[in-house]
Structures are given as C-alpha cells and as structure tokens.
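Protein chains: 2
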Amino acid sequence: MAQKPSIPKGTRDFSPAEVVKRNYIMDTIKDCFTTYGFQPIETPSFENSDTLMGKYGDEGDRLIFKILNSGDFLRKVDDALYSEKDSGKLTPKISEKALRYDLTVPFARYVVQHQNEIDFPFKRYQIQPVWRADRPQKGRFREFFQCDADVVGSKSLWQEVEFVELYDAVFSKLNLEGVTIKMNNRKILSGIAEVIGESDKLIDFTVALDKLDKIGEDGVKKEMREKGITETAIEKLQPLFQVSGTASEKLALLKDLLSSSEIGMQGVQEVEFIVSTISEIGLQTAMLEIDVTLARGLNYYTGAIFEVAAPEQVKMGSIGGGGRYDDLTGIFGLKNISGVGISFGLDRIYLVLEELGLFPETVSANTKVLFINFGEEEAFYAMKAVSKLRKEGITAELYPDATKMGKQMGYADKRNIPYTVLAGGDEMQAETFTLKHMKSGKQDAVSFTELRAKLK
Amino acid sequence: MAQKPSIPKGTRDFSPAEVVKRNYIMDTIKDCFTTYGFQPIETPSFENSDTLMGKYGDEGDRLIFKILNSGDFLRKVDDALYSEKDSGKLTPKISEKALRYDLTVPFARYVVQHQNEIDFPFKRYQIQPVWRADRPQKGRFREFFQCDADVVGSKSLWQEVEFVELYDAVFSKLNLEGVTIKMNNRKILSGIAEVIGESDKLIDFTVALDKLDKIGEDGVKKEMREKGITETAIEKLQPLFQVSGTASEKLALLKDLLSSSEIGMQGVQEVEFIVSTISEIGLQTAMLEIDVTLARGLNYYTGAIFEVAAPEQVKMGSIGGGGRYDDLTGIFGLKNISGVGISFGLDRIYLVLEELGLFPETVSANTKVLFINFGEEEAFYAMKAVSKLRKEGITAELYPDATKMGKQMGYADKRNIPYTVLAGGDEMQAETFTLKHMKSGKQDAVSFTELRAKLK
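Quick note, the sequences are listed as chains A and B, same order.
So that you can map any letter, position 16 of the first sequence is 16 in the numbering used here, and since no number is skipped, the others follow by simple counting.
So that you can map any letter, position 411 of the second sequence is 1411 in the numbering used here, and since no number is skipped, the others follow by simple counting.
Errors might be hidden in some of the hints.
[Unchecked claim] Here are the simulated EDC-like cross-link-like pairs (lysine to aspartate or glutamate), alpha carbons at most 20 Å apart as the crow flies:
1. B:1076 <-> B:1050
2. B:1089 <-> A:72
3. B:1085 <-> A:78
Note that these hints are calculated values from the structure, not bench results.
Owing to the predicted nature of the structure, the values given are computational and were not obtained by experimental measurement.
Could you build the full structure based on these sequences and the hints that come with them?
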C-alpha cells in the first residue's frame, strides 16, 4: 500500500551536495587529528543500557533512546510489576540496550575494556553519530555527528597547548579566520568561590556567572542573590565583572583576587603556562582569550575549559568546546586516568561556512563529462572511452538511454556537468570525439589522447 | 559504582588499526563510485516504523530493532490491550521508530520523498551502518556497514555493463585479483520454469536450484520432487546441470532450451549483450561468468542478478551482489521507476584482504616521529618544531611528560613510531635535533630543515 513517505522529526536526509560538504569538514578535521597523532576508534551505535544510564543526570537519562528487546519481550516481565503500568519501572525490564548519547562515555568504556591493549598516553579521535530524544528545534537534531579528540593517561599541560593549536589548525585549514578560543580553568572558579566564602555554592555561582553574556552583570547578581549568595560575597566578585584588557592584565587581576586560594592560584598558573606558550609558538588565524565567566559542564571538568566562538559577524555561538577531566574512567572502575579533550560542532561549522561562502568550489560530487547516447553502436564507442577515462580517475558517465539530445543536454545542465561529448557516426569513422564546453558552448573535435588531456 | 564494561553481543569496537583498514576499503569503494558518477546520500539511522515494517517479510520484521517511545510511553496505551500482555500487539503502541535494516528501503523512501529535487536517472551511493537482531555468529553481526550503489530511472542495459566494470574497478584497485562476477537473469529462470511447465512453482524451483553448490545435482532433484515438480519437468532440466564451457557455449545451450519462451529468450539476449560488451571492453582482473543456478532474492529482482565470489583459494563465499529490480519505489507510491544496483560486503572483503595479506603497509594510523620530553624548556624547544612539522602535514608528537627516557622510547617502540627526536641542552644551544631511526638505532644531528626533509 502506498504511504506518503517521511522521516522521524529531528532527523535529516542528506542530499549529495550536503554529504560532500559535510565530508569536506570531517575530512579536514580528520587530517588535522591524524597530523597531531590522534588515532581513530569506533564504538557500537548502541551500548548496554547500564553503560549509559546514570552518566548524564536525570535529564540525560530521559533523553537516551532505548531499544526494545527483541522477540517476546513481555514474557519475562513479572505480572505484579506489569500491572502497575508504570513506564519508568517497565523500561529496564523490556529494554537492555540504548543508542549512544555522546562519544565520551563510550570512550571511557572502551579505555577500561581495552586497557591492556592500549599504550598510554592514548590519543584517540572518534567521529560518529549520537542520538538524543531532545525536542527538535533550529540547529538541534535527534541524530547528529560528534567529532571528538581526547588524550587519556597524562596530566601534562602540553596537551592543553596542543589542543589550542589543533583548534587553530582545523579552522585555519577550513579558511574560517577569526575564531576565538575562549579558555578558563575550573580551579580558578573554585578559587573564586573560595575567596568569596561560598565554596559550598560553587555550582550555583558558576551557573549564574556563565549567563553573563545573556543576562548581563545585574542579572547575574540577581540570580546569585536568589541562590543565597551573600552581598559581601557578591561585592568581592566586583573585579571579575571588570576583567578586560590583555591576557597579562587579566592574569594580574586574577593573581591579586586569588592570592589567598591555593587551588585558585594553581588554576592561574595553568592558564598562564598555556597562554605564554601559545603566544611564543603563535597561532595561524585563531585568537586565544581568557574568559573567567566560562563555566561549561562544571560537574565534569576539573582543569582547563575551552569553548570556541565563531567569528563575530556570524551569530552562531559555540562551534567547539572541551576541557580537562581527572576521573573519566572511574565510573567503569579504572581510577586516576586523567584526560583532556575537545570536540567540534559539525552542524554549526557547516552553517558558518555556508553563511560566509567558505566551501571551496571544488567541493562537489560532480561528474566532469557526460557522453551523449546516440544509439547502441555509438554508445559502445562512447563506453569504451568512458571506461578508459575512469581508469585515469576522470569522473565520466554515459547517458544510459538514447533519448532526445535535448533531454540528455538538459540532464548535463541540471547536474552542472561542465563537459559533454558528442560522438556519432562521423566521429566513429574519424576516431575522434566532439567535446563541448557547456558554459561557453564551444565545441572541438579531438582525439582520445587530447580528450583525456583536456579533462585531466 | 564500578561496572565491568562490555558491549552488546553482535556489536564490535574497532581499534585504530582496524578503523584505518576499514577506511582504506571504504575510501577505495567511494573513489570508484565517484569516478563512475555516483553521488553520495545519507539517510537517518532510524525511520518511522511503517517505512520499514512489512518490507522484508515476517522474518525481517522480527529482526528489525525497534526504538521505545520517549517519556511515559504507556500513557496512551489502551487498558484492554495492555492487559493482554501481548508483545506483538503492544509493540506498535509503544514504538514508532526503528533502526534501518538495509539501505535499499530507505533509498526507495528517499527517492519518492525527494522526487522533485532529483534529476533522473539518479546514480546514488550510500555507505552507512545497518542493524539486524539476528543471532550473532562468525562473520554475522548485529551492526554492520552496507556499501551500495544504485541507478534508478532507466532500464538501459548499459548500467548492468557499468556495474560489472565497477566491480572489476574496485577489486582491481584493492589488488584483489581473481574474483568471479557471477551473473544470471531472473527472466532466464522464469523462462526455464515456463518451458518445463512449472511456472507456478518458480520460487520452489529456483530455491532448490540455488543450492546446487551445497547439495549437488541429486540433492537439487530430490528437493524439486519434494516440492511437487514433476519427473518430466526435472528431465527437461537435465541440460542445465551440464551447463559448462565458455559463455558462448552456455548461451547456445540456453537459446536451445528456451527457444519457446519469450521471457526466457529476452533474458538470454540481455545476458548476451552484457557478456559481449564486457568482452570487448575488457576487465582488469575480474572474471565474468554466466551462472544459471544463481537465484538470490528472487521476489525482489526482475532482470540481471549478480554475485561476486572471492578468489577460490579463500573460502569466503559471496563478497558482493546485486541486480535489477523493476518496481522498488512502488511501495511508496511512485510506480515504474526501474533500478539496478550492487553492494559490497565490507566485513568479508576485510577478511579476504587480511587473509591474503593485501592491505598496503602504508595503511596505518601511525605517527612518523615522537619528540622525547626532557623537561619544560626542552619540551618547549621540541614543541615549536613539532608545531612546524605538523603545518607541513608531517604526523609528529611530543611525549607529554618528562618521564624516564626508557619509558618514552618504549612508547615509541610499542606504537611502531619509526623515528624519535632527542633534543636536550646541547641541541638547543646548537639549534639542532638528534634524529634517531628506531629500527637501525642510527642517530644524526640535523638542522630543522634537514629534519623536515628527512621526515617528508
């Protein structure tokens, strides 16, 4: 029976033009990952539910797509439990697998499971889709790719330096100039909470601070008051709102503010090391900026935090982020494996490149030449040439049917194929090919050798 | 709480070495697809259930992974239905989405949904994972990649010719010589059923014939008898079991056998056209063979059928297959769109290349040079060089920690990194680098320019 076909909300079909552009971005990222010594791994699309559940908070648990057990999945469900008709209680009884929600937890699972085959420090990258049952909206999908690079097994700050360079390398290679790599350190945030006497409100404090961009200084202070942070504490924070100027000026201010906090000063030193090293080595097109209001994923990160902002003329928000975490694999029983990693926001980078017209013209899935089909004998003559051109790596096609020439030319036109070859009885006799440049309409009779040379 | 991590049965983690080899195969296939004018599309991992259900038979429906609806999925389930506790009846009420089972049905859905954006004939390729709740066994997985190329919108036999050449191109590029492309035609099978007077038993007849390899001539005849095919009919079949010799000899025998069947003769002519054209154009390393016992997926194909056998010395069975289907998109309401396509069996091709040692040595995710870390200042000196080498596309790493040299050298060894650079105080003063070739142990003091040249 005929159905009007559609796809689930929040998912997408990608046309040839889109796939080719997406691959251009992913291939650029992969090339840079490889040059920096990262190695690819891949993990299954679904994991055992207990690998994923409880790792992303209650909200995360809700957003994980669960896979129904195969076969008679109700057979083993206890009657008493079944009769409660409670979705939450029934779920673990009828579903044992779930689609991955991100690449980080599967990576942690991978490291623990394969720890005896891995040479640490382990630099891995992973580019695969993830799934979230989020409410779809502009730029937010239920299936999307994540592009992650992480190093586990070393606490060295050279890795943070390397990740800043890696961001710069990727965006420079994509010709996306003027991105800002914002950096902060979780230890600085802890230090600030400490010196204002609100260590126990660290999370409330940073969640509020993180909103500075959106709600402004007064809004942040209001939210802090609502969360019970004292006036005295907020007053002590005042210098933070004025942090500006060069990296040295910001570092000086932070040193002054955090002089009494050991952890705070440690954070400042880490930031200082990264900033000074990067300023010596130099970046190609990106800027590195200290941003003390950057908080992202606080319950997760323990050291450096990164977030990449698109060039200012594009209103896009973050196109990448990451940071240092000290105990990722602990959830799977392997303690004291420090890690640091970054990720690239493929969908947003795509939109930015599209908006700024930065996809190279050569990025297309296009056929170079279409041979027009004049009938069986002519097609045979053409096919032999097509076959030889393909062996040289030239993208060539024979129109499959001997239909009207207008239709065949129209097909070449619509598909933006730059050349057509017309070869009928005359050409066959002379062993030539009439090569037509579609844009100019110019036609030349050429030998196969000339044809090949022109199309190379 | 620590869990001993594992992955669902039938799924796999891929290590860096495996990912790189898999990518080598997929990139080779993609390159050939592109050269032949095929364009990539991608479809979502899950489809609406009604897009997939009922398209693969009852067995297929059972093997499709269903995704549990999000949230309180039982809320809208009717109490009476719920109280039946019937898995089969409950499933459509609590699951609206399912993981794709193959790439063909999603492709048909794509063509119908996007018919107004597509220029026909549409040559598309698609390389994505599919999922089947099959019982896992050696070489059979619950998640695996399919690599498909199809053309829809033309009945031209030039496309069959092209697909034979495409198989040859891919396997030649993979250096896998001696594959056999077996070809048959559904019309020949129909013709045979007709001339032996058993048209209504076409499926039983071909299912039995398809087993010739496994159960031999007597076995096939026995099965035919069991299915009620008459002795007279089986007698008429006798010449089929003796089909051998060259393509011309096989064609002559078929013409003789099928002379009274219009559809049978049409099939013979189609096969003859493809065979004669291919023999004129020539294949690089593959052989094309007529195999009248080839039946695969009879309910689906309507013209040419292909199956590719690995070289005889490898016991592997089919590493690819495909054929012509006349009404793929009809299930979604778009009639009379003929298509033909082939697919490559990635996992089996991987095993064949591994067994024959055909993966090129250059196929590795390897770092070219590791800079040894002697401390902060030395690391800074090294990092500047690493940074410059990477900009030249040379895969370079700095060991992140200034640990014992033995440990760092051991890391380079285990990871098969061919070169290390030792740069301490002396080298820094002389602005040189000591480059060590790990295999020979040979060391040279070189300038940066020399270093770069040696590593390029």
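Next item on the list: List, from low to high, the hint numbers that the structure doesn't satisfy.
Entry: Violated: none.
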